[in-house]
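Enquirer: The chain contents come next:
There are 2 protein chains.
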Amino acid sequence: MKLPSKNDIEIAYNLIKDLVKHTPIFTSSTLNNMFDTKLFFKCENFQKVGAFKFRGACNAILNTDKDNLKNGVATHSSGNHAQALSLAAKILNIKSYIVMPNNSPKVKINAVKGYGAEITFCEPTLSARESTLNQIVEQTKAEFIHPYNNFFVVCGQGTASLELLNEINDLDIIITPVGGGGLLSGTLIYSKNFNPKIKVYAAEPFGADDAFRSIKSQIIQLSINPKTICDGLLTSLGDLTYNIINNYIDEILLVEDHYTIEAMKLIWERMKIIVEPSASITLGAVIKYNETFKNKKVGLILSGGNVDIANINYFN
Amino acid sequence: MKLPSKNDIEIAYNLIKDLVKHTPIFTSSTLNNMFDTKLFFKCENFQKVGAFKFRGACNAILNTDKDNLKNGVATHSSGNHAQALSLAAKILNIKSYIVMPNNSPKVKINAVKGYGAEITFCEPTLSARESTLNQIVEQTKAEFIHPYNNFFVVCGQGTASLELLNEINDLDIIITPVGGGGLLSGTLIYSKNFNPKIKVYAAEPFGADDAFRSIKSQIIQLSINPKTICDGLLTSLGDLTYNIINNYIDEILLVEDHYTIEAMKLIWERMKIIVEPSASITLGAVIKYNETFKNKKVGLILSGGNVDIANINYFN
Chain A
548 MKLPSKNDIE
558 IAYNLIKDLV
568 KHTPIFTSST
578 LNNMFDTKLF
588 FKCENFQKVG
598 AFKFRGACNA
608 ILNTDKDNLK
618 NGVATHSSGN
628 HAQALSLAAK
638 ILNIKSYIVM
648 PNNSPKVKIN
658 AVKGYGAEIT
668 FCEPTLSARE
678 STLNQIVEQT
688 KAEFIHPYNN
698 FFVVCGQGTA
708 SLELLNEIND
718 LDIIITPVGG
728 GGLLSGTLIY
738 SKNFNPKIKV
748 YAAEPFGADD
758 AFRSIKSQII
768 QLSINPKTIC
778 DGLLTSLGDL
788 TYNIINNYID
798 EILLVEDHYT
808 IEAMKLIWER
818 MKIIVEPSAS
828 ITLGAVIKYN
838 ETFKNKKVGL
848 ILSGGNVDIA
858 NINYFN
Chain B
548 MKLPSKNDIE
558 IAYNLIKDLV
568 KHTPIFTSST
578 LNNMFDTKLF
588 FKCENFQKVG
598 AFKFRGACNA
608 ILNTDKDNLK
618 NGVATHSSGN
628 HAQALSLAAK
638 ILNIKSYIVM
648 PNNSPKVKIN
658 AVKGYGAEIT
668 FCEPTLSARE
678 STLNQIVEQT
688 KAEFIHPYNN
698 FFVVCGQGTA
708 SLELLNEIND
718 LDIIITPVGG
728 GGLLSGTLIY
738 SKNFNPKIKV
748 YAAEPFGADD
758 AFRSIKSQII
768 QLSINPKTIC
778 DGLLTSLGDL
788 TYNIINNYID
798 EILLVEDHYT
808 IEAMKLIWER
818 MKIIVEPSAS
828 ITLGAVIKYN
838 ETFKNKKVGL
848 ILSGGNVDIA
858 NINYFN
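The listed protein sequences correspond, in order, to chains A and B.
Just so you know, we're using the numbering used here here: the first sequence kicks off at 548 and counts up by one.
Just so you know, we're using the numbering used here here: the second sequence kicks off at 548 and counts up by one.
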């Protein structure tokens, strides 16, 4: 299996840099004092569609053979990848087909519709999602873009670390969340080849610890009935992401939801930015394992900011 | 009465620029498309203490005679000015005395305490606040720093526009909220002397329309029983701010709370940043008076981001 290299991520960056947002890096002296560390937050919550996923979607489409793109792109997703792929397709003038479970939040359905995707609803099970997608791909001949187990998606996600390290080049540690492993894989490849001394930790929900178990048992463990508020971190690793993570990872840190909630409150309240639980878990890891991070320069990738504002009591 | 000049604001900027945060300017293509305009948001919600007030507090302290500062500074406030003055005093190694109404939100009391201020509680009426403050000032000989009706506070607040216009120098319009008028006054002086063609509009809550009535009747009208969610915009103008506003203002736009809520939702959801209602009212004005802003380059000063996160249902 061919794994991406640092150079593949640099190529991806040059390809997508005019499409994606160069997101800012935020710091907070309050949080630094609180945890006796220096934190650098890469704000992918400000990325287009509100999540890093837009990077990988753009890169995957731009690396697909033009002849194959005539028929559009397709995926199944109830979350940020659906929005990312449909917006990237819209910008690049390509048709997109998205299979969404029929219990997807209305706000996400509307966003995907707004980007002009053709939506097909299915039962909210993995097998229904896959079989519906297969039908769509068969009918339309559209190109399936996997949300994370895809060479070019991984390279695209790695460009967040490229931007981070080009700006702050003396980080001791980088933390990313891990769900399917696309962001973590891209981060590992770029950072470890940028400077092998940088430690890369993944933050994984205690109640969705399949990546932790996979690395421990040296075989992909499935995520079955995961229980966590981190709704972006429910999926299992793929073979590509498993291999990359297994090659490079320093440690997967399991984080209970109460640390993630505490982290999310701190980020909202002190930094005045909106992040989703799946992003806040990175600071949750700093709270839980504070000793590991003391007096270090730590990059945290705030992966996204898509929370359902309608559910927030403030507005009711 | 001596009004500040553009040069006074430039002097203030040089004095405070290493203490205050140079806040970023955000844009949103979604909002621009939605309202057919180009919006530039000056993010004072990212300012220290979460509001522009820190600028004025720093400048006021730095312009007070050193002999007078020996005894510290004092003010009465339940809100952002209390935090701003106490943090500025702490950084500059000066004692601070804050009179707070006994019904102030705990989160604000704790913040002021955290900055090392000495708090005196009083009944939540203006007369109790003023008489308690007078006692404190008499006992301590501390220097009273008014939250807005103060020459140097106005100059400090004007530095937000200085930063905005130095970065985006071809704005057609600037909008700020108006409460006591400190931010609006500083904005007017800087912007109108930077380029007299720039229109400056104030956004004022429909249910707290004393500034609107003051300019109309050409005499300061008091804010009596104001009704609005914009808790930072409840106060009346002072004689200094009234005079500046009356000299320079293009128009005060009254904005009903439902526009402000709509605006706040849009900013949270689309821009992923936390702003308080008193800041969101600027976008509320763009929503209500959309025609006025079409095809213009509009600067909006997002004055603050202090909402009580504990009250947000998401976390309960």
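It is worth saying that the hints were derived from the structure and are not from the lab.
Hints are supplied without guarantee of correctness; some may be wrong.
Which copy is meant is left open, because identical chains are indistinguishable; a pair holds if it fits in one copy or across any two.
For lysine-lysine, the following BS3-like pairs were computed, each having C-alpha atoms within a straight-line distance of at most 25 angstroms [as the list claims (entries may be wrong)]:
| # | residue 1 | residue 2 |
| --- | --- | --- |
| 1 | Lys585 | Lys843 |
| 2 | Lys655 | Lys812 |
| 3 | Lys585 | Lys774 |
| 4 | Lys585 | Lys653 |
| 5 | Lys613 | Lys637 |
| 6 | Lys655 | Lys763 |
| 7 | Lys688 | Lys763 |
Enquirer: Return the numbers of the hints above that this structure violates; sort them in rising order.
Expert: 3, 4, 6 and 7
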